[in-house]
Amino acid sequence: MKQQDIQLDSEGRLRHFLTIDGLKRQTLVDILDTAENFSTVGSQNVKKVPLLRGKTIINLFFEPSTRTRTTFELAAKRLSADVLNINISTSSASKGESLLDMLRNFEAMFCDMFVVRHQTSGAAHFIAEHVAPHISVINAGDGSHAHPTQGMLDMFTIRRHKKEFHNLSVAIVGDILHSRVARSQIHALNILGVPDIRVIGPDTLIPKSADNLGVHVYHDIRAGLRDVDVVIMLRLQRERMTGAMLPSEKEYFQCYGLTPDKLALARPDAIVMHPGPINRGVEIASSVADGPQSVILEQVTNGIAIRMAIMSMTLGRSPVSDKEGV
Amino acid sequence: MKQQDIQLDSEGRLRHFLTIDGLKRQTLVDILDTAENFSTVGSQNVKKVPLLRGKTIINLFFEPSTRTRTTFELAAKRLSADVLNINISTSSASKGESLLDMLRNFEAMFCDMFVVRHQTSGAAHFIAEHVAPHISVINAGDGSHAHPTQGMLDMFTIRRHKKEFHNLSVAIVGDILHSRVARSQIHALNILGVPDIRVIGPDTLIPKSADNLGVHVYHDIRAGLRDVDVVIMLRLQRERMTGAMLPSEKEYFQCYGLTPDKLALARPDAIVMHPGPINRGVEIASSVADGPQSVILEQVTNGIAIRMAIMSMTLGRSPVSDKEGV
Amino acid sequence: MKQQDIQLDSEGRLRHFLTIDGLKRQTLVDILDTAENFSTVGSQNVKKVPLLRGKTIINLFFEPSTRTRTTFELAAKRLSADVLNINISTSSASKGESLLDMLRNFEAMFCDMFVVRHQTSGAAHFIAEHVAPHISVINAGDGSHAHPTQGMLDMFTIRRHKKEFHNLSVAIVGDILHSRVARSQIHALNILGVPDIRVIGPDTLIPKSADNLGVHVYHDIRAGLRDVDVVIMLRLQRERMTGAMLPSEKEYFQCYGLTPDKLALARPDAIVMHPGPINRGVEIASSVADGPQSVILEQVTNGIAIRMAIMSMTLGRSPVSDKEGV
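Chains as they are written, first to last, in this note's numbering: chain A, 1 to 326; chain B, 1 to 326; chain C, 1 to 326.
Keep in mind that the hints were calculated from the coordinates and are not lab data. Each hint should be verified, as a subset may be incorrect.
Since copy identity is lost for identical chains, a pair holds within one copy or between any two.
[Stated by the list, open to error] 20 Å max Cα-Cα, derived DMTMM-like pairs, lysine to aspartate or glutamate: (1) Lys250 / Glu97; (2) Lys163 / Asp261; (3) Lys48 / Glu107; (4) Lys163 / Asp203; (5) Lys208 / Asp227; (6) Lys208 / Asp30; (7) Lys24 / Asp5; (8) Lys24 / Glu251; (9) Lys48 / Glu36; (10) Lys208 / Glu107; (11) Lys163 / Glu36; (12) Lys48 / Asp269; (13) Lys262 / Asp21; (14) Lys208 / Glu36; (15) Lys262 / Glu11.
Owing to the predicted nature of the structure, the values given are computational and were not obtained by experimental measurement.
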C-alpha cells in the first residue's frame with residue numbers, strides 16, 4: 001500500500017503520519033491550524049491539556065536522537081499521555097527478537113502510538129503496515145527518506161511569518177541529496193502551493209531527479225538566494241566530509257555557508273531557518289544564526305505545537321471519553 | 001524466614017510477591033480475580049485508574065530486560081503511580097556502595113515498592129528481608145529461581161481458556177533445569193490443583209529432583225504431548241548451546257521444537273503458550289507461534305493485568321485515602 | 001555578575017540556587033521553613049502536591065549520579081512537575097552542538113528549570129547567566145565548587161536535632177580541599193551563625209586559605225572532635241588515593257576514620273552526618289554509621305523536602321494559576 005493511502009483511515013482522517021508526500025492541501029492546513037491552537041500551551045503557567053490522558057506512547061528509537069526524542073516526549077506529556085522511551089540498541093533486540101515480534105508485544109500491551117526513528121528509509125512505513133488497527137505510527141525520521149514533523153513545523157514557521165504560501169520564493173541550501181528534511185519540506189511547499197522552490201548546493205549533493213520534484217536547481221548560491229522570502233539552511237552531516245563529495249569545511253563555508261553578504265541578496269524581510277543542530281561557521285555564520293532574520297529557535301518552539309497537533313489528530317480521532325474526567 | 005512467610009503480613013495478606021511456592025490456593029485465586037477486574041483497563045479509552053496515585057515504585061534492574069521492565073512500568077503508570085527506573089550497572093553501585101546501603105537510601109526517600117530483577121537466585125528475597133515495614137518487593141525474575149508474575153499471568157491465560165484447573169493436563173517443554181519461569185509455573189499449577197503436569201526435555205535439561213516437584217518427566221515430546229490441554233514452550237537460552245548440554249539448534253528443533261505435527265498429538269483445543277521472546281525455528285515453528293492455537297500475545301496482554309493486580313494488592317492493603325481525590 | 005546577585009530576582013526572591021555563599025540568613029531560614037512544610041508529604045498516603053503541575057524540569061547531568069538525580073526527580077514528581085532526564089554524554093553534544101545552543105533549544109521548548117550537575121566548577125553559574133528570564137537553574141554539584149542543596153539539607157538536619165545554630169560546635173572531617181559539599185556546608189554554617197566551625201583532615205587535604213573561611217583547622221581528629229555537637233564526615237574519593245596526597249585506606253581510617261572511641265570525645269548527644277554514599281571502614285566505622293547517633297538516612301529523607309522547597313520557591317514565585325485545577 002502506498003504511504004499516502006496507509007496514512008488515512010476510511011473516513012480520510014490522518015491515522016499515521018509517515019510522509020507529507022501525497023497528502024491533500026487541506027490536511028496540511030488542518031495540521032497547521034490545530035498547531036496554532038496548541039501554540040499557546042507552552043507558554044501557559046500549567047503547560048498541560050488532558051487530550052491524550054491514559055494513552056500510551058512509545059518512543060521507538062533505533063537511532064539515538066536526544067533532541068528529537070525530547071520534543072516528542074514533551075509534546076506527549078503536555079497532552080497528558082504516558083510515554084515510554086525504548087532505545088532499541090539496549091532492548092531485547094539483542095536477544096534476537098524480530099522487529100515484528102517486538103511490535104506484536106507492544107501492541108499486546110495496549111500501546112496506542114509508536115514514534116519511530118530509524119536509520120533505514122521506509123522503516124516507519126513498514127511498521128505502519130504491520131501494526132494493529134488501533135495504533136498510530138509517527139515517522140520521526142527514517143534514513144534519507146522523510147522527516148515529516150520537521151517539514152510541517154517548518155511550514156508552520158513560514159506561515160506565521162509570511163501568512164500565505166502562494167506568492168513565496170523559498171530556497172533550500174546544502175546537502176539536498178541525503179536530507180530527509182529537505183525531501184519533506186519540498187513535498188510540503190509544493191502541496192501548499194509555493195510557486196518558486198529552489199534547491200542550492202554543489203552538483204554532488206543535488207539529486208539527479210531534482211527536476212521531477214518541482215524545484216529549480218542552483219549551484220551558485222548568490223543566484224539562488226536572489227529575492228527569496230525564505231532561506232532554509234540544511235545541517236552539513238560532517239561524516240559526509242570524508243568522501244570525495246565535498247571540499248573542506250572551510251571551502252564549503254566559502255561557497256555555501258550563509259553569511260550576511262549572501263543573505264543580503266534575499267528580500268529584506270527574508271527569514272532564515274535551520275532544522276538544527278547548527279554547525280556554526282560551516283553552513284551558517286554565527287552572525288546570521290543569531291541575527292534578526294533568524295527564526296531558528298522559533299522552529300524549535302513550533303515543533304512542540306506541531307507534534308502535539310499531529311499526535312492528537314492521529315490518536316484522538318474518536319472523541320476522548322470524559323467519564324474519568326481530568 | 002521462609003519466602004512464603006515473609007510474603008504475607010500479619011493478617012495473611014500479600015505484602016511482597018517473591019515466589020508462588022507456599023502460597024495458598026485462595027491467594028492465587030484472589031490474584032486471578034483481581035487481574036480479571038483490571039483486564040479491561042488496557043482497552044479503555046483512558047487506560048488509567050487512580051489506585052496508586054502518589055505512590056513511588058522503583059524498578060531496580062540488576063539485569064537488563066526492556067520487555068519485563070516495560071510491562072511493570074506500564075502497569076504502574078496505569079495505576080497512576082510514579083515510576084523510577086534504576087539500572088544498577090550505571091548507578092552508584094560503581095561507587096562501591098553496598099546493596100543494603102542503597103536500599104536504605106531509597107527507603108529514606110519514601111519509596112513504596114521495589115520491582116527487582118537480578119541474575120542471582122534469592123536476590124529479591126534477600127531484599128525483602130531487609131526493607132522497611134512499609135515497603136513491598138516484587139520479584140521480576142531472580143537467577144534460575146522464580147519469575148512469579150510470569151507464572152501468574154500464565155495461570156490467568158490458562159483459566160481464561162480452560163475455566164477450571166482440576167481436570168487439565170499441562171506440558172512444559174524445554175530447558176526446565178535453568179528456567180525460573182518453569183519453576184514458578186509448576187508451583188502454581190500444583191497449588192491450583194492441576195492433576196497432570198508434565199515436563200518434557202532432554203535428560204541434561206531436567207532437574208534430577210523433578211519427581212519431587214509433582215511432575216511427570218518425559219524425554220520423548222511425542223509421548224509427552226499426547227492429549228494435553230496446554231503446551232507451554234520455554235525459551236531456549238542460546239548461551240547454553242555452547243556447552244555439552246545441548247545438540248545443535250537444528251537438532252534441538254528436530255527433537256523438541258513444537259511443529260504442527262507434534263502439536264496434533266495434543267487435544268484439538270489445546271492452547272500453545274510461550275513466555276517470549278520466541279526463537280522461531282528453534283523451540284517453536286512459526287506456523288505454530290502464529291497459528292490459531294497460540295495464545296502467546298494474550299499472555300503479554302494478561303501480563304499487564306496480573307502486574308496491576310499484584311502491585312495494587314501488595315501496595316494498596318490499607319485503603320487509599322481519597323482526601324486529595326484524583 | 002556575582003553568583004549571589006544572579007540568584008535573586010528584582011524583588012530579592014530566589015530565582016536560581018547556585019551557591020549558598022552570599023545569601024542572607026533570612027533566605028536560608030525561609031528555605032528551611034518551607035522544607036519543614038514539605039517534610040510530611042513523603043510520608044502521606046498520596047505523596048503529591050500540585051504546586052508545579054504543568055512545569056517542565058530538565059535534569060541536565062554532565063556527570064552521572066543516579067543518587068542525586070533520583071532525589072531531584074522524586075522531588076519534582078511529588079510537586080507534580082514533568083521531568084526529563086538528559087544524560088549529556090549520550091546527547092547531541094556528540095553532534096558537536098555547543099552548550100549554549102543546546103540551552104537555547106531547551107528554552108525554546110518552554111522548559112522551566114534546569115537541574116545541572118557538572119564536573120567543572122562554575123558550570124551552573126555559567127548556565128544561569130545565559131538562560132532566558134523565565135528559567136530557574138539549580139546547581140546539583142559543580143566540580144569542587146558547591147553542592148548547595150546538599151548543604152541546605154544538612155542544615156535542615158542539624159536544625160531538626162539541635163533547634164538553634166548560635167550555640168553549636170560543628171566539625172567537618174576529611175578531604176575538605178576537594179569537597180564541594182564541605183564548601184557549601186561552611187558557607188551555610190557561617191551564615192546561620194554557628195560560632196565554632198572546625199575542619200579536620202591531613203594538611204594535604206585542607207585548603208591553604210582555610211582561615212579565611214571562618215573555620216578552625218585541626219589535623220588531630222581527637223582534638224578536633226572534643227565537645228562538638230555535630231560531626232560531619234566527608235566521603236573519601238578513592239580516586240585521590242592513588243596520588244601522594246593520602247596514605248593507604250587503612251592508615252586513613254586509623255587517623256581520620258570515625259570510630260566509637262573517637263566519637264566518644266564529642267558531646268554525648270552529638271549527631272553524626274555523611275552526604276553518602278559511605279565507605280564503611282574507610283572514613284567511618286559501620287558501628288558508627290549504623291549507631292544511635294547517626295542521622296545519615298534522615299539526611300536522605302530531608303534531601304527530598306529541601307529540594308521540593310528550593311524547586312517550588314524558585315519556580316513558584318508568581319502564584320500558580322488554578323484555572324485548570326488538579
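Status of each hint after checking the structure:
Proximity of Lys250 to Glu97 under the C-alpha cut-off of 20 Å is restricted to the inter-copy arrangement: shortest distance 18 Å between copies versus 45 Å within a copy. Neither within a single protomer nor between protomers do Lys163 and Asp261 lie at most 20 Å apart by alpha-carbon distance, with minima of 26 Å and 67 Å respectively. Taking the shortest Cα distances, Lys48 and Glu107 sit within 20 Å of each other only across copies (17 Å), while inside one copy they are farther apart (26 Å). Neither within a single protomer nor between protomers do Lys163 and Asp203 lie at most 20 Å apart by alpha-carbon distance, with minima of 33 Å and 70 Å respectively.
For a Cα distance limit of 20 Å, the shortest separation of Lys208 from Asp227 qualifies neither inside one copy, at 25 Å, nor across copies, at 65 Å. Taking the shortest alpha-carbon separations for Lys208 and Asp30, neither the intra-copy value of 33 Å nor the inter-copy value of 67 Å comes in at or below 20 Å. Taking the shortest alpha-carbon separations for Lys24 and Asp5, only the intra-copy value of 11 Å comes in at or below 20 Å, while the best inter-copy value is 55 Å. In this homomeric assembly, Lys24 and Glu251 never come within 20 Å of each other (Cα to Cα): the closest approach is 41 Å inside a single copy and 55 Å across copies.
Taking the shortest alpha-carbon separations for Lys48 and Glu36, only the intra-copy value of 15 Å comes in at or below 20 Å, while the best inter-copy value is 29 Å. Taking the shortest alpha-carbon separations for Lys208 and Glu107, neither the intra-copy value of 41 Å nor the inter-copy value of 39 Å comes in at or below 20 Å. Taking the closest pair of Cα atoms, Lys163 and Glu36 come within 20 Å of each other only inside a single copy of the chain (13 Å); across copies the shortest separation is 53 Å, beyond that limit. Taking CA atoms no more than 20 Å apart as the test, Lys48 paired with Asp269 passes in neither setting, with 35 Å inside one copy and 49 Å between copies.
In this homomeric assembly, Lys262 and Asp21 never come within 20 Å of each other (Cα to Cα): the closest approach is 31 Å inside a single copy and 49 Å across copies. Taking the shortest Cα distances, Lys208 and Glu36 never come within 20 Å of each other, neither inside one copy (37 Å) nor across copies (60 Å). In this assembly of identical chains, the alpha carbons of Lys262 and Glu11 never lie at most 20 Å apart, being 47 Å within a copy and 46 Å across copies at closest.
Of the hints listed earlier, those the structure fails to meet are numbers 2, 4, 5, 6, 8, 10, 12, 13, 14 and 15, in rising order.
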